[in-house]
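Under our numbering, think of the first position of the sequence shown as 13, with each following residue one higher.
Please note: incorrect hints may appear among the correct ones.
Okay, derived cross-link-like pairs now, DSS-like style, lysine-lysine, Cα gap no bigger than 27 Å in a straight line [unchecked claim]:
1. Lys64 / Lys107
2. Lys367 / Lys395
3. Lys436 / Lys468
4. Lys327 / Lys468
5. Lys209 / Lys179
6. Lys122 / Lys395
7. Lys179 / Lys156
8. Lys445 / Lys395
9. Lys327 / Lys151
10. Lys50 / Lys17
11. Lys315 / Lys329
12. Lys17 / Lys49
13. Lys34 / Lys205
14. Lys395 / Lys315
15. Lys65 / Lys151
16. Lys209 / Lys49
17. Lys65 / Lys99
18. Lys327 / Lys440
19. Lys151 / Lys50
20. Lys436 / Lys329
21. Lys403 / Lys325
22. Lys49 / Lys168
23. Lys209 / Lys151
24. Lys122 / Lys436
25. Lys325 / Lys168
26. Lys30 / Lys57
27. Lys327 / Lys449
28. Lys403 / Lys309
29. Lys384 / Lys168
30. Lys41 / Lys205
Restraint-style ranges between C-beta atoms, simulated for each label pair [what the hints assert, rightly or not]:
31. Asn180 / Lys325: 44 to 50 Å
32. Gly233 / Lys156: 31 to 37 Å
33. Asn180 / Arg345: 37 to 43 Å
34. Gly388 / Arg243: 43 to 49 Å
Honestly, the hints are just simulated from the structure, not real lab data. Every residue gets a Cβ at the ideal spot worked out from N, C-alpha and C, and that includes glycine.
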Amino acid sequence: MIISKEEYLNNLLDSFCKYEEKLNILSNKAYPSDIVKKFIENDLKMIITEFKKIAHNDLKNNEDFFSDKTILANNIWDQGHLQRIAKVVANTDFKSHPLEIMNVFRDLIKDIEKNDFEILTIPREEMNFSFSEIWFKLKMFLEKELNMTGFTVNKKFIKLTFPQNHKNNLLLSGIFFHEIGHYLVEENNFADKIFQKINFNSDDFLSLRRCVYANNGNQLGQVELVNIFRRYYLINWIKELLSDILAVYTVGPGFVFSMFDFVINNTSINNFYNENLSNACSVSHPRFSFRFNLMVKALKELKIYNELPELLKTKIKSYTDAYANSNNQQQNRSGNIRINNINYTVQESKFMFQKLENIINDLIPHMLAESKQLLGVRNIISKNKLNQAEKLAEQRIKEVIPPNEFNNTAAAPIAIINSGWYAKFLYKNSLKKRVGKIDGKNGDYDLNLLINDLMKYSLRTSRIQRRWQD
C-alpha cells in the first residue's frame, strides 16, 4: 500500500476534527429558526462524534483491513454529504431570509406534504433558483446502516437558493413556485409515475432508435432504449414540465409573467435585436416555445385564461409568438452517455426532438390530472382568487394602498402576488401620475420597487389578519 492504514485513519480523523471545529463556529450564529441551531449542536455533532469513534476504534485494532463501519463513514464523507449540509447552514441567516414569501411556501408545502420541515435560504450572485431536500435521506441511511439513534430534529431541511439581487422581488416569486414543483416532483417520484405511462411500442418511441448508437457492438433493443430515456432527455423534460404545471396551477399568470421576466434577464441584447431568441431543446430542458404553450394550456384547462384582462392575454401571446417564431435553429450534435457500463452516442436533431415532443404531448393529459391530484383543490388557483387579484390591483395598488385585504377580509397570498402583475401592466401610467419619483428615468425599477414594497407589507399583514379572523 502507498500509505498505511494508520496514516489513512489519522488523516480521516483530522478531517472529522476540522469539521467539528466548523460546527462549533456555526453553532454560535443566529438563524431564522432555533431548530437550525439545535440541528447543528445535537444532530450534526452527534454524527461527527460517531464517525470519530468509528475511525478511532479501527485505529486501535491491529487488523490490516478497515471495518465495515469505517468504510461506510468514509464513503459518506468522500461523497460530501455532511460538508454540503454545513455549507448550506453557513450561508443561511436572517439577512438571507425573504420572510414574507417563505411563509407562503411553508403553508403550501405543509398542506401538501403534511411533513415537518425547515427552509434554508441561500443567496447567490448568479440568476438562478433551486429547491432541494438535503438531510432526510442521509438521516434514514445513518439510522439503517450505522444504527444511529437519538436524532433530535425529525424534520426535512429544504435548501432554497435564489439570486441575491432579487431577494425581495415578489414579482419574480413565481419562479420559486416552479422550484417548489421540482421538490414535490422529486419527493413524490412524480416523474417516474408519468414516465411509466409512455407507450414504449409506439412508432414515435421506437423511432428514437435511429438517434442512438451502441458502441463496441453492444445491443440496442427496446429495453436499452427505455433505460436511456429514463435517465436522459424524456425524464428530465417530464420533470421540468411537471414543475411548470404545478407552478401554473398554484400561482397562475403570476408564474407565467415571472417566467417571462426570468427569461428576459437571461437573454442577450443581440438575440432580442436579431429575433434569435434561444428556443433550442437540450438533454435537460424542452424548448421554451413548447413550455410556454403548455403553460397557456394549463391556464385554459383551469378555465382562467379567458378570464384574464385583454392586455394580459396580449402580453402572453406576444411572448409565446416571439419564441415560436424565433430564428434560432436547433443544432444537430452528438453526445456520449453511459448506462450500466455501456457507452452510447446520441445524435441530437430536429427529428429526435420532434419525436420526444410527440411522446410528451400524449402524456400531457396525465400530467395535468396528476398535478391537480397532488396539489389538492384548495391549493389550485381559482377564478375567485384572480378576480380578487384584479380588484386588489384596481382598488388598492393603483391608489398606492397595500393590497392586504379585500371586502374587509384578509386577501389570499396568491391573489396578492398576482395583483402586483395586474397593477404593473394595467395601471402603470396611473401609478406614475400618483407617485412623482416614478418618472421612468430608471426604467421600471422605481415602479417595481413600489409594487414590491406594497406586496411585501400585504403578505405580512394579511397573514396576521387571517389569524385574527380564524
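Hint-by-hint comparison with the structure:
With a C-alpha separation of about 34 Å, the suggested pair Lys64 and Lys107 falls outside the 27 Å cut-off, and the hint is violated. The hinted pair formed by Lys367 and Lys395 fails the criterion: a straight-line CA distance of about 35 Å is larger than 27 Å. Taking the CA atoms of Lys436 and Lys468, the gap is near 15 Å; set against the 27 Å cutoff, the hint holds. At roughly 25 Å between alpha-carbon atoms, Lys327 and Lys468 fall within 27 Å of each other, so this suggested pair holds.
Proximity of Lys209 to Lys179 is assessed by CA-CA distance (about 39 Å); at most 27 Å being required, the pair is judged violated. Between the alpha carbons of Lys122 and Lys395 the distance comes to roughly 24 Å, so the proposed pair stays at or under 27 Å and holds. Taking the CA atoms of Lys179 and Lys156, the gap is near 39 Å; set against the 27 Å cutoff, the hint is violated. Only pairs whose Cα atoms come within 27 Å are accepted, and Lys445 paired with Lys395 is rejected, the gap being roughly 30 Å.
Between Lys327 and Lys151, the direct Cα distance comes to roughly 47 Å. Violation of the 27 Å bound is thereby established for this hinted pair. Restraint check for Lys50 and Lys17: the C-alpha separation of about 35 Å exceeds 27 Å, so the hint is violated. For the proposed pair Lys315 and Lys329, the alpha carbon gap of about 17 Å is at most 27 Å, so the pair holds. For the proposed pair Lys17 and Lys49, the alpha carbon gap of about 36 Å is over 27 Å, so the pair is violated.
Restraint check for Lys34 and Lys205: the C-alpha separation of about 41 Å exceeds 27 Å, so the hint is violated. Under the criterion of a C-alpha separation no larger than 27 Å, the hint pairing Lys395 with Lys315 is consistent with the structure, at around 8 Å. Between Lys65 and Lys151, the direct Cα distance comes to roughly 18 Å. Compliance with the 27 Å bound is thereby established for this hinted pair. Restraint check for Lys209 and Lys49: the C-alpha separation of about 44 Å exceeds 27 Å, so the hint is violated.
For the hint pairing Lys65 with Lys99, the CA-to-CA distance comes to about 23 Å; that is within 27 Å, so the pair holds. Among the hinted pairs, Lys327 with Lys440 is consistent with the structure: their alpha-carbon atoms are about 14 Å apart, no more than 27 Å. About 15 Å separates the Cα atoms of Lys151 and Lys50, which keeps this hinted pair within 27 Å; it holds. With a C-alpha separation of about 17 Å, the suggested pair Lys436 and Lys329 falls inside the 27 Å cut-off, and the hint holds.
A threshold of 27 Å between alpha carbons decides the hint, and for Lys403 with Lys325 the separation of about 17 Å falls inside it, so the pair holds. A C-alpha spacing of about 15 Å is found between Lys49 and Lys168, which places the hinted pair at or below 27 Å, so the restraint holds. Among the hinted pairs, Lys209 with Lys151 is inconsistent with the structure: their alpha-carbon atoms are about 32 Å apart, more than 27 Å. Under the criterion of a C-alpha separation no larger than 27 Å, the hint pairing Lys122 with Lys436 is inconsistent with the structure, at around 31 Å.
Of the supplied pair hints, the one linking Lys325 and Lys168 is violated, its CA atoms being roughly 39 Å apart against a limit of 27 Å. For the suggested pair Lys30 and Lys57, the alpha carbons sit about 12 Å apart, so the restraint of at most 27 Å is met. Note on Lys327 and Lys449: the hinted pairing holds, with a Cα-Cα distance of about 26 Å set against a maximum of 27 Å. Distance check on the hinted pair: Lys403 and Lys309 sit about 25 Å apart at the alpha-carbon level, within 27 Å; holds.
Taking the CA atoms of Lys384 and Lys168, the gap is near 24 Å; set against the 27 Å cutoff, the hint holds. Restraint check for Lys41 and Lys205: the C-alpha separation of about 42 Å exceeds 27 Å, so the hint is violated. At about 29 Å, the beta-carbon gap between Asn180 and Lys325 misses the expected band of 44 to 50 Å. Look at Gly233 against Lys156: about 36 Å separates their beta carbons, and that is inside 31 to 37 Å.
In this structure the hint that Asn180 and Arg345 lie 37 to 43 Å apart at CB holds, the actual value being about 40 Å. Range check, Gly388 to Arg243: about 31 Å between beta-carbon atoms, so the 43 to 49 Å window is missed.
Going through the hint list in order, the structure does not satisfy hints 1, 2, 5, 7, 8, 9, 10, 12, 13, 16, 23, 24, 25, 30, 31, 34.
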